[in-house]
Amino acid sequence: MLAYILRRLLYAIPILIGVNLLTFALFFVVNTPDDMARMQLGAKHVTPDAIARWKVEHGYNKPLLLNAQASGSAQLTDTIFFKHSAAMFVFEFGKGDDGRNIGNEIRTRMGPSLAIALPVFVIGLLVNITFALLMVFFRSTYLDLWGVVLCVVLMSISGLFYIIAGQYFISKLWNLLPISGFAGGIDGLRFIVLPVLIGVVAGIGSGARWYRTIFLEEIGKDYVRTARAKGLSEVRVLFRHVLKNGMIPILTGAVVVLPLLFMGSLITESFFGIPGLGSYTIDAIQAQDFAVVRAMVFLGSFLYIVGLILTDISYSWADPRVRLQ
Amino acid sequence: MSEAWASFDFVLLWTDALIFALVVGVLGLVFFIRRHEHLRAPWCAVAQRPMAMGAALVLSVFVVIGLLDSVHYREKLPDSPADKPHYSVDVLSVFDALVGDLRTQQEKTYSEPLAMQLYAKEFVQRDGATVREYPRLKFGGAHLQQEADRMPDITRRSLIGLAQGMAASLLLFGLLAAWRARRAKIPFGEWLMLLGEGRLDWPARTVMVMLTLLLMLAGVLLHLVTAYHVFGTDKVGQDVLYLSLKSIRTGLVIGTLTTLVTLPLAIGLGIAAGYFRGWIDDVIQYIYTVLNSIPGVLLIAAAVLIVQVYVESNPDLFDTAARRADIRLLALCLIMGVTSWTGLARLLRGESLKLRTLDYVEAARAFGVSHTRIISRHIFPNVFHLVLIAIVLDFSGLVLAEAVLSYVGVGVDPSMHSWGNMINGSRLELAREPVVWWQLGAAFTFMFTLVLAANLFADGVRDAFDPRQGIRR
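These protein sequence lines map, in sequence, to chains P and R.
Start counting the first sequence at 9; every next residue gets the next number (this note's numbering).
Start counting the second sequence at 86; every next residue gets the next number (this note's numbering).
Quick caveat, the hints were computed from the structure, so don't treat them as lab data.
Virtual Cβ for every residue (Gly too), placed ideally from N, Cα, C.
A hint or two may mislead.
To be verified - Derived coverage of chain R by chain P (criterion: at least 3 residues anywhere in the stretch with Cβ under 8 Å from a Cβ of chain P; other residues may be distant):
#1 154-161
#2 387-400
#3 483-489
#4 506-517
#5 530-536
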């Protein structure tokens, strides 16, 4: 087991290197730092001086890969690649355009992101599974048919609509909850309720439908027929056998997104003014803060790979037939 | 002849060309499928599903509008010399020409749906004195004398529209019934009876009901648009119905062209990985794990920022604003395609891994059939249903993603008509008093209709093509 995890960790390194090289190519080779400077300073009136100053300020005034002027190991280390891309492996993200340390920002913003994303995830999972089981219990009846139709309708509505309509009706018209904002501690609860509620509702359509197919696939298997032949009631078959076996694909599918919850949700956070990583990212994209976007790309893929490893481990934990080797 | 011809300058945008290529491709495919019994069978199964057919009818309305909106031209300026004509910088489409006044009838600012006044009071000069009142619209309800005439006029127009729509659908129904009865070689009355009992081999009742509803809706709209702004006007006074209709093309382009980019990558790499295995499999798996590990929105954002920088630093490559917006739309499709092929590729890899061990593939290999031939004759036809299901399932997701991306600021060009831009431009207007809700409402309604129709159609296609479906019941 330990050897397997170790090997998976080693396997993760080339992937992270790949991500790193890809972002490096996107941000520094396809467009040179000069292009970025021109974009940031405004295309019309830029002087070579201004570009040079911008590059010095951001530390982009070095050669890309090989510094011929330096000596010794500095030939490799005093370059954009080493300072801005390779440094991310030790989580050294440098500074954003606002001059703040990106690493610090990430640490302080993870909390608020998690405060929204985790409840959405857990409550959403419970609600979706309940809804899906209900549909499966009433399968091939009109209840099931209309349940599926409701799911399709719900998943055809834009996520933006849920947020805008929720904010408008619940906060503005009925004054039930604050429209946006965030606070720590127990006081912050009232800010969290609305985004969590909307997040859960927005996910029901696709989630419940997906889980329904998983349960229906289980219900066609031989062990279910055996259970029925033993004389078990339909409720017992559903909750004791189908639910347990259906949970394997559901849980393992959920594990992969678990680490990514740290990243928060871009849209939700920016609409509700939550100072999390999602709104940080969206602000960076809109302000064209390349350093922050690069850092978030790296962080995102790092967390995804952690999720993949956790998935493999959870497979063997949930389904003893799977052996890791 | 040449005179009339010369007053236009046809403009072929990149996305137009690709759309027409796609249409030709789809027509070719339809022709091919019609000639092969085993390929036709699942489509006949789709055609028997009422939901899928109703959805297909709605989809086809969207497609027709989108296609009309994809033939672009520029008008010649009236006072330009004949030998060296100057053309307007506005790129128009056939759709613009068809809707005519809808585009040009611009008010001053916001007005409610079907209103005859602006939505806010203004100071106006009246009989030498300055009074504060709701100014009349220039076009919306301009033929009316007073506010009290408005509702009766709207009702009258709607009723006429409904009646005409109904009449048109009855006429169509008669023609259809006569044609089908003739083909089935049964009397007209008997066909009607079969229809009534729902015993025809296609869901004629659903199709007819949908067609009637659509025609009645069209009738009402046609009678109202000539005198009112049916969905109101936006901040700069443009007709919201026009904006929503123009956005259809953007939604369709993103939904279809992205898939077009996805397919070669997903099919080629997915099948190659599964079929050849070994180091090819390793390399391809590595590539898609890397791409997959980057959060989708971030990769798209990064790439769009890059394209923006490129367009800004090469302004001379794009002569009109339409071309600039078009290249950004195309880039968005490319980027979304490059980031979203991994799921299908993984699916195809798994399926090819299974297929390559089957007896008939082994036999083909033993006979010395080349790899390309095995893949094209034995592997690809057997995974094609997966490709098709993926295409129809992805479409709706892509249309919805456009709105989100536009909100993030990495979507289509701000000058391009799209539902995402409409939502983005008006989401703050809900804070106004009185509330400006119609622009958001129109964008969401149109998007919802398209996505719902696409989802229902996709369900039908999946149920007909997925071989696992049989076991599930």
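Counting residues of the stretch 387-400 of chain R whose CB is closer than 8 Å to a CB in chain P, do you get three or more? Holds: 10 residues of the stretch 387-400 of chain R have a Cβ under 8 Å from chain P.
Quick one: see if chain P covers the stretch 154-161 of chain R, three-plus residues with Cβ-Cβ under 8 Å. violated (count 0)
Examine the stretch 483-489 of chain R: at least three residues should have C-beta closer than 8 Å to a C-beta of chain P. Answer holds; 3 residues pass the 8 Å Cβ test.
Quick check: the stretch 530-536 of chain R, covered by chain P? Criterion 3+ residues, Cβ under 8 Å. holds (count 3)
If you look at each residue in the stretch 506-517 of chain R, do at least three have a Cβ nearer than 8 Å to any Cβ of chain P? holds (count 4)
Comparing the model with each numbered hint stated earlier shows that hint 1 is the single one that does not hold.
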